[in-house]
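Enquirer: Here's the letter readout for the chains.
2 protein chains.
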Amino acid sequence: MLFNKISLGGADMKFPSIPDKTPFTPLVVMELAEDTNEEAVTWLTSRIKDTQQSGGAELMIDRLTLDDNQDPKKENQNIFIVGASRERLLVGAEDVGLVKEFNDGSMRGFTYANRENFKGFQGDGDNFLSMAECQFIVKHELDTLRARGETHVPGYPKIRLYPGKSVVRRIQSKGILVQIFPLHDKEELKRLSSMWYQNVQLSFQPLDDIRHYFGESLALYFGFLEYFTLAMVPMALIGMPYYLFDWEDYDKYVLFAVFNLVWSTVFLETWKRFSASLAYSWGTLSRKKAFEEPRPGFHGVLGINPVTGRQEPVYSSTKRQLRIYLVSVPFVLLCLYLSLCVMMVYFSAEGLVLGLHDEEPTFWTSLLLYVPSIIYAVVIEIMNRIYRYAAEFLTDWENHRLESSYQNHLTLKVLVFNFLNCFASLFYIAFMMQDMQLLRQSLATLLITSQILNQFVEAFLPFWLQKRRNKRVHRRSGKVSPDQELPFDQQVMLEADMSTYLGTFDDYLELFLLFGYVSLFSCVYPLAALLAVLNNVTEVYSDALKMCRVFKRPFSEPGADIGVWQLAFESMSVIAVVTNCALIGMSPQMKSYFPDSETQLILVVATVEHVFLAFKFILAFVIPDVPRHIQIKLARVEFESMEALKKKVMYTVLLGNRPAPVPDLTKEKA
Amino acid sequence: MLFNKISLGGADMKFPSIPDKTPFTPLVVMELAEDTNEEAVTWLTSRIKDTQQSGGAELMIDRLTLDDNQDPKKENQNIFIVGASRERLLVGAEDVGLVKEFNDGSMRGFTYANRENFKGFQGDGDNFLSMAECQFIVKHELDTLRARGETHVPGYPKIRLYPGKSVVRRIQSKGILVQIFPLHDKEELKRLSSMWYQNVQLSFQPLDDIRHYFGESLALYFGFLEYFTLAMVPMALIGMPYYLFDWEDYDKYVLFAVFNLVWSTVFLETWKRFSASLAYSWGTLSRKKAFEEPRPGFHGVLGINPVTGRQEPVYSSTKRQLRIYLVSVPFVLLCLYLSLCVMMVYFSAEGLVLGLHDEEPTFWTSLLLYVPSIIYAVVIEIMNRIYRYAAEFLTDWENHRLESSYQNHLTLKVLVFNFLNCFASLFYIAFMMQDMQLLRQSLATLLITSQILNQFVEAFLPFWLQKRRNKRVHRRSGKVSPDQELPFDQQVMLEADMSTYLGTFDDYLELFLLFGYVSLFSCVYPLAALLAVLNNVTEVYSDALKMCRVFKRPFSEPGADIGVWQLAFESMSVIAVVTNCALIGMSPQMKSYFPDSETQLILVVATVEHVFLAFKFILAFVIPDVPRHIQIKLARVEFESMEALKKKVMYTVLLGNRPAPVPDLTKEKA
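So the protein lines, in turn, are chains A and B.
For the first sequence, UniProt numbering gives the first residue as 1, with consecutive numbering after it.
For the second sequence, UniProt numbering gives the first residue as 1, with consecutive numbering after it.
There's no promise every hint is true.
To be verified - With a Cα cut of at most 25 Å, we get these calculated DSS-like pairs of lysine-lysine:
id, chain 1, residue 1, chain 2, residue 2
1, A, 591, B, 633
2, B, 186, B, 546
3, B, 552, A, 289
4, B, 186, B, 591
5, B, 552, A, 319
6, A, 119, A, 289
7, A, 633, B, 552
8, B, 319, A, 633
9, A, 633, B, 288
10, B, 633, A, 633
Hints listed in this document are in silico derivations from the structure and should not be mistaken for laboratory results.
Start from the sequences, fold in the hints, and give me the full structure.
Expert: Take a look at the structure:
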């Protein structure tokens, strides 16, 4: 959507504030702190506008001028709109390593020099890059705008700058840059919403369009959500008669559990293949990862990075290990212990209520029976959320250099706690109390409560709040209907006020716990799959709604798979093998098969469990992660690039000439 | 050792047969069939000598002329010596993707243009490449000598050639090329032997020198052998007192088993790190794999390869799958069944002998007690060897396109059978008969018999045969002492008659089974570790002996790790957790802890086992496979190459010029 001005409502209408300058398509908004020193503003904008040769980002930037009918004192005047020329974006596409479809149907790394051989490149390259890609490129170019000779941010002698380090990340971590976000595209969004969630319909999600608008990571999340839902449909269908006909026959439960275990392995393996296909067609499968810069929050004393050889803050890995093992690990263990204590309180409350009901069984006491479970479910949700903040604080304090390592440590902390917090009571009921009736009841309560809570807190409450805010803005700008187009500056201010989407972490976590509820105790509560399917169908709508209407547009994030979550789901399915085998072994029907010797029963169950586990690992090993036709395509591109290299080598050697020396432009830059 | 003529005994002495040509260092020997059509010989040698521009290999080749004092009719006259010029070898080093140490200490892909910046490159590049590397390069260049316009091998209208396919592989699979092997370097070999095995000494093996002479794969095997031996020393030391003091206390056995399980996990993980360090310093860790050509034995109808787009024989993957699942798998299952039958025969023989001894206990009958075990051990070895041939035949018949896929299928077949064949009787004794005394005795018999058999059949018998052959050749050529230098042609003929080393497969398999004997039942027979250490120490000597004195020199094979064997050893250590936990659970001492309920004992054992397995997986996950300092070095090279690419891109884009078109030399070639 490069320079697709119509989609933003016409260039003339949009730029009432820039009468004497070249108009450009606004892509990204940078909001500086209201009290930012004007010297710093001038320096920053000139650095962003500077040509690449002189070390700038060569982007276009302009201050957002607010309409006259508003009180200018009330609004932040330091909001900037960033855009870029068509050439700059195409050069940037090569910088960020975008992979696009070539004319021969293969996926290749985009190069500016070779641009005309890519599919869909017409004329000047209009519409070749999507708006999300353009925004991603602008973000990347801003992030890699590096300090040159400056020792500090002009106007802020205390905010030091180090040559070669990112300027934008520095001012962001110091609070001068309040936020940076890409703009929504109203027209496109309307089109996407109508395809995606506005009409209730029986069809797949428009994954390609979601990726086009929100980027690969988010599209992969929605793809996984859909795949997960579809995969649970057979489980739900097979599970329904158990509920309808009240089958208590454990032979049937065994069948159901076996089906579930095999199915969950197959589903996770085939998802890998499906996501590889998606990632290939989106060009992220063969994309090369760029060198990872330190995350904005990282701090340390000035030293030399052993990889780049550049000066940058370094932080001793030993110190970090000490912080992890001496503070974080004990803290997590303490939290786990607290969670177990809360669980024990729940069980005594449960006992109390049960005693009350037994003494005087009325309608009210029978209702009271559900109260401890519901309260416990709410408490679990609250504890999960509080712990989440603590985990973020701790992981931040561990001072990881890379965003990826930060995310891994955070994920691990949160996963372990959530797993214990959500499932400990169920394990206790299943294996200590061995009360299957209570297990079924608790499972249902936990599952339903957490689903309702989640969808309410995550989507509908924010949606309602955002709707109120929208109305206020519309009223203030004199428009009556909320569907009417707002003037550009009002639209920017509205989006700046929207909440920020913090990534797919919470969404995946929710699915992970749901998968646990469904698979861990599937043989005692087959209805869980049906509930999960229902939940996921509404989850698609509520997540779509929150992405399109509640949150600021997120920057697109290239991703080739669901990363650590694949491992988390696979671990859960391994644990599910163990729990289900144990549950079946404990059933009275099973015991009746071995009336003489319980020992033999346990040995049989243990053997079956080991066979299952071995089978899972062999299956995972045998099924290739990437489908054959994509492996061939990848191999072809690899082969061709190697052949091309060989030709070049031969050319160099045979003709006896070396490649011409490349002028070191970066030295002038740095 | 480029052009290190002294090391081969002087150029003048070596080439009595090439008086009027440029002398060259002989590197590789090609033996054509005795009755090869002279037309084909002329064509082949001219293709090998041709310049690269005209599609040749640009190597030097000459026919070996035999001394006059021999009867020329008795010897094959079609033996050729291949060598190459210094420049050709250096260009070839770039072709094969050799990675060498750069002047700044990092490891980089060698390029001819940049040759002077590599460490150890002096003057013309003498001694920069080792002789093994030169031979590897010559082999690669011969293998990639491709058919041009020829439709068939001259003189053989029936042997078709396809444009672009390897000529040498074709004539090899058709039997015109009998063998191709690299020459030994007598001086170097003498030096290596004296460091390696001739003086019994307490020191590590000279891995770098082994790699220098035999290549990376073999050096990694010897490295693994040494590492494995050292890793078993603590086990052997801890196991000794159990034997000496006849400890039958199961508390102590539990301790020993726990130590073994943890130790084997740690040892396998640290080996990965150690081998990564070795592979890094040898330049194979960061080496890029070239596109794999079909293996010589592969056949099929002519089609288009989807990756290269070239014409070549293709074979339907469905057909191969059918052959695997309908023939190979049933055959393997049948063999497994047969092996179990043999085992049952062994047990009845054992029972018979025991009955005899009980009836009439004399010295002779007590000796007779060992006979069935020893016969069974010998039969196992024989069955393993027969099965090996069958597996090779079947895997060949499955017609795999790639050598690697062939090797994987062969390895899997052989591993499964060997595992069952060697360990089935032990499992039967341990878990069906529950006779720990018999288990210990069988384990000892199997272990000792297979060790003696192996070392005898694999090293000492061939060594003795080779020694006899050497003496005969020496006698014939009039030299009295076998230490005296032979004339060059005699030496070539001698080496051509030596057996061919078939790769590290059998050696790894032997270690794998040894690891099984040591770890699977470690808690009942702690002495196994000591026996294994003793075996490995002699194994180092016998393997070194057979590599240096018995076999033809093998072509060096670049390798970064021990490949599928890492997985095999890890699987074995997982199985060992299960068996050891089960053995301990079955012990009477353990049972006495839970006098009331066997069920509880089993539950405890099962829980401990699961904790162990989880611990193993977490440990494997947490310990990084590549040491941090090597990760940093790899990241630095990666980063620099990316920076260089960026500079080039910027140069292209900013100055607006594309790289000059490269003349397509390969088109003229093909």
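Enquirer: Decide if the proposed pair is consistent with the structure: residue 319(B) and residue 633(A), CA atoms, cutoff 25 Å inclusive.
Expert: The given pair, whose Cα atoms are some 22 Å apart, holds under the 25 Å limit.
Enquirer: Between residue 633(A) and residue 288(B), does the CA-CA distance stay at or below 25 Å?
Expert: 18 Å, holds
Enquirer: Please work out if residue 186(B) and residue 546(B) have their alpha carbons no farther apart than 25 Å.
Expert: Holds, at roughly 15 Å.
Enquirer: Take a quick look at whether residue 591(A) and residue 633(B) sit within 25 Å of each other, Cα to Cα.
Expert: Distance of about 60 Å is beyond 25 Å: violated.
Enquirer: Tell me if the straight-line CA distance from residue 552(B) to residue 319(A) falls inside 25 Å.
Expert: 54 Å, violated
Enquirer: Quickly compare the C-alpha distance for residue 119(A) and residue 289(A) to 25 Å and report which way the hint goes.
Expert: 23 Å, holds
Enquirer: Decide if the proposed pair is consistent with the structure: residue 552(B) and residue 289(A), CA atoms, cutoff 25 Å inclusive.
Expert: Violated, at about 45 Å.
Enquirer: If you draw a straight line from the CA of residue 633(B) to the CA of residue 633(A), is it 25 Å or shorter?
Expert: Between residue 633(B) and residue 633(A) the Cα gap is close to 31 Å, so the pair fails against 25 Å, i.e. violated.
Enquirer: Straight-line Cα separation of residue 633(A) and residue 552(B) no greater than 25 Å?
Expert: Measuring from Cα to Cα gives roughly 40 Å; hence the hint is violated.
Enquirer: So if I understand the rule, the pair passes when the alpha-carbon distance is 25 Å or less; does residue 186(B) with residue 591(B) pass?
Expert: Judged against 25 Å, a Cα distance of about 64 Å means the pair is violated.
The structure does not agree with the numbered hints 1, 3, 4, 5, 7 and 10 stated previously, though it agrees with the rest.
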